[in-house]
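These protein sequence lines map, in sequence, to chains A and B.
Position in the first sequence (first residue = 1) + 138 = this note's numbering.
Position in the second sequence (first residue = 1) + 138 = this note's numbering.
Treat each hint with caution, since some may be false.
[What the hints assert, rightly or not] Taking lysine to any residue and the SDA-like style, the derived pairs with C-alpha atoms no more than 20 Å apart in a straight line are:
| # | chain 1 | residue 1 | chain 2 | residue 2 |
| --- | --- | --- | --- | --- |
| 1 | B | Lys409 | A | Leu160 |
| 2 | B | Lys362 | A | Thr225 |
| 3 | A | Lys289 | A | Thr365 |
| 4 | A | Lys285 | B | Gly364 |
| 5 | A | Lys362 | B | Arg167 |
| 6 | A | Lys409 | B | Ile143 |
| 7 | A | Lys362 | B | Glu163 |
| 8 | B | Lys409 | A | Asn416 |
| 9 | A | Lys387 | B | Ile143 |
| 10 | B | Lys409 | A | Glu418 |
| 11 | B | Lys285 | A | Thr365 |
| 12 | B | Lys285 | B | Phe490 |
| 13 | B | Lys387 | A | Ala147 |
| 14 | B | Lys387 | A | Arg146 |
| 15 | B | Lys387 | A | Lys362 |
| 16 | B | Lys409 | B | Cys152 |
| 17 | A | Lys409 | B | Cys152 |
| 18 | A | Lys409 | B | Glu418 |
| 19 | A | Lys409 | B | Asn416 |
| 20 | B | Lys409 | A | Cys152 |
| 21 | A | Lys362 | B | Leu160 |
| 22 | B | Lys409 | A | Ala415 |
Derived from the structure by calculation, the hints contain no laboratory data.
2 protein chains.
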Amino acid sequence: MEPDILYRAVVDLCLLLFLAQLSAEIASRLRAPKVLGILVAGTIFGPNMLGGVLVGGRPLIEFNELIYVFAEIGAVLILFTSGLEMTFMEFRSVGVCSLVTGVVDVVFSYMLVYIVTVMLGYSWTVGMIIAGALSATSIAVSALTMKELGKADTQEAKVIINAAVVDDILALTILTVILTYVRKGAPLSPLSVAQLAVSSLVLWFLILLVGVYFIPVVLDRTEKIGTGVLESMAILVCFGTAVLASILKLSPLVGAFSAGMAIASSRSLEKVRSFIANIELVFVPLFFVVMGAGIDPRAFLSGNLMLVFVFTLVAILSKVVGSGIPASFFLKDPRRGLRIGLGMISRGEIGFVIASVGLTNGILTGDIYTTLVAVVCITVLITPFLLRKSYEAEGLLERLDGLYSGLSKLGPELILKLLRRLQRHH
Amino acid sequence: MEPDILYRAVVDLCLLLFLAQLSAEIASRLRAPKVLGILVAGTIFGPNMLGGVLVGGRPLIEFNELIYVFAEIGAVLILFTSGLEMTFMEFRSVGVCSLVTGVVDVVFSYMLVYIVTVMLGYSWTVGMIIAGALSATSIAVSALTMKELGKADTQEAKVIINAAVVDDILALTILTVILTYVRKGAPLSPLSVAQLAVSSLVLWFLILLVGVYFIPVVLDRTEKIGTGVLESMAILVCFGTAVLASILKLSPLVGAFSAGMAIASSRSLEKVRSFIANIELVFVPLFFVVMGAGIDPRAFLSGNLMLVFVFTLVAILSKVVGSGIPASFFLKDPRRGLRIGLGMISRGEIGFVIASVGLTNGILTGDIYTTLVAVVCITVLITPFLLRKSYEAEGLLERLDGLYSGLSKLGPELILKLLRRLQRHH
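If we strip away everything but chain A, and leave its shape as in the complex, we get (with noise of 0.2 Å):
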């Protein structure tokens, strides 16, 4: 990069952590959360809108390959951090509520997607990326949000953490499948994609185990040399296990969270902590502005708003249902098991991917991929927002309980409620 150019990329990033900050204090005052601030702020000065405006010749704000770097550099971190939150033995305790959490609801998503897919008379095919690109959470969003409101340390929290951690690492085995499909034209056997699925979930759990047993003794090491050493080896270590996961076809944010896990056992944790506390804000703002900047509102007026809407309203269901029920069991609270269902509904980077991969092997038309992306993106935005009144008002859970333990009147009026008051806010 020329230098010109490099600082103007610079001064680009620069005018979006300012505007994502100051959307996040008027959000916080509005009494919403920080991050959907940030990610409407993502929206209005993202190339579709706002930033797209040409000021002589060029995009008032340009979405330079800086400013993705960073915001990958972020998610990263955020995941990072997360793990920082959670000892092993944390781990351990919400570990068995958490796998059958994740995949009871990436199961529940798929079969759910992909029967109202198929319902509305569309192909099996269609039926599979849909279903693919719906069925696992997006792990940022809700770990910033329950960071954000101070939950971070919550058993909800941990839960939904280690739940959006195997949907990843299952949404990349769906993702394995559809593209085998798209190479070779016939579909896996389901014995292979439950052994792919299976060997995902073992090689993940062996990184973390190796991670946990010798991350701690490495840091340990290097902070008796010196802070600086310390804080750039535990860097280090989390980039260091994101490129080893991805080597192994896993997910890199699902290595760095094994880091962080392993982190959170040492006893540098604290400086560690702090010191990604500060580089953080330079980096995990940007990841929230890209994402709401690949919010594009024609979208959603050209898209079939009755199609967005049906699809909004599966894509809700199916994770309330499918991890709030697994959950509530577990905790044997049917109210954290609710919020750990409210907490699961973003969909994210992965259901993108998949979307794609379905339009560019022309499988999604341009008019299903539109409300796909559509979907996956007002999920984004209501879970901030849903998590943050699932603690703000306790009193409604309340009233919602005799309902929710009652399972067959839960989805419908549920979700219905939950419209309505979303109705009200947009």
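Following the hints, put chain B in place on chain A, whose structure we already have.
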């Protein structure tokens, strides 16, 4: 950038950060400046030595674009924090001294190097390039060393940094003169050169005045909105002013320095300072790593060692005399004057830029270019070392005092002493 490539780039970056911090720590235990440690780490793990070793067809540490981008951001942040250390009132107290020191040392260095070059039998065009490349002090090395020594608050440090800013402005004038000659084949008239130099200085002063007037107002208003907003506004102002300076044909570093100085008078100074101190950790070491990586040990061996020795001697002498004498005169203290002279020895990027212009336009042969790069590298390596020693060995300076007051005896003797010490340590 593809995610996979990006993650590997980040890992290489983290690895370099870790090695830099480790070397800084080792240097500090050997009672050497940390900056020197990082520079040496850059050389050892740079593409010319260990980092370039191919492992499976890939360099051990790839100096990818991301690393250069981070290094460039680091350079801006170094100048920005140097500005933060200095209010406009303090600037005024050292302003005249710095202006005179900067102007005298650039003119003296240019003339001395030019005369020596021509006396060695080179053409006047070669003299022009070598003299230009060795005329200006690199701000970053001295600024960070003074900070590391805990002396950023002293009058010497303030004179060094401001004189180095004047150097930078004049060096860009020299670069413009050289580029004009290269393009048009005829040298500019002395009058145009003087006009160019004065107008650049005035322009910088205007930016500074406007900044000092407006930036604190803007910052104190954003502080009321929220801390995250303030911090992002501060870096926006920093890089915005850097870009403004570069549009006005000044160095972006000079712009960042002015922005820092403007913020130094703001009520929000402490918050900005602690924020920048935190994010600096990720960017600043990489600036020195990249600078160190530019050093090719083979250049020293393949270059004419005698010539390297002579030019290094001249480079040191020109600054110790050219800055040391005017500074001694203004501060009425030859010891602090000498220290300023030592602090100004390091040459930097602008030297490399002018040398490359000479090489690519066929004015310099590969041999002289290599020699010139080697000389710049040696000045970078010895400045932190000499500065530290000058603080440690007040006793030695007292003995030198007598020598220093007699101007005629000063030059050769002091330099020989310094060189002897240098040889002992390298």
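What hints, given by number in increasing order, does this structure fail? Of the numbered hints given earlier, those the structure breaks are 2, 3, 6, 12, 15, 16, listed in rising order.
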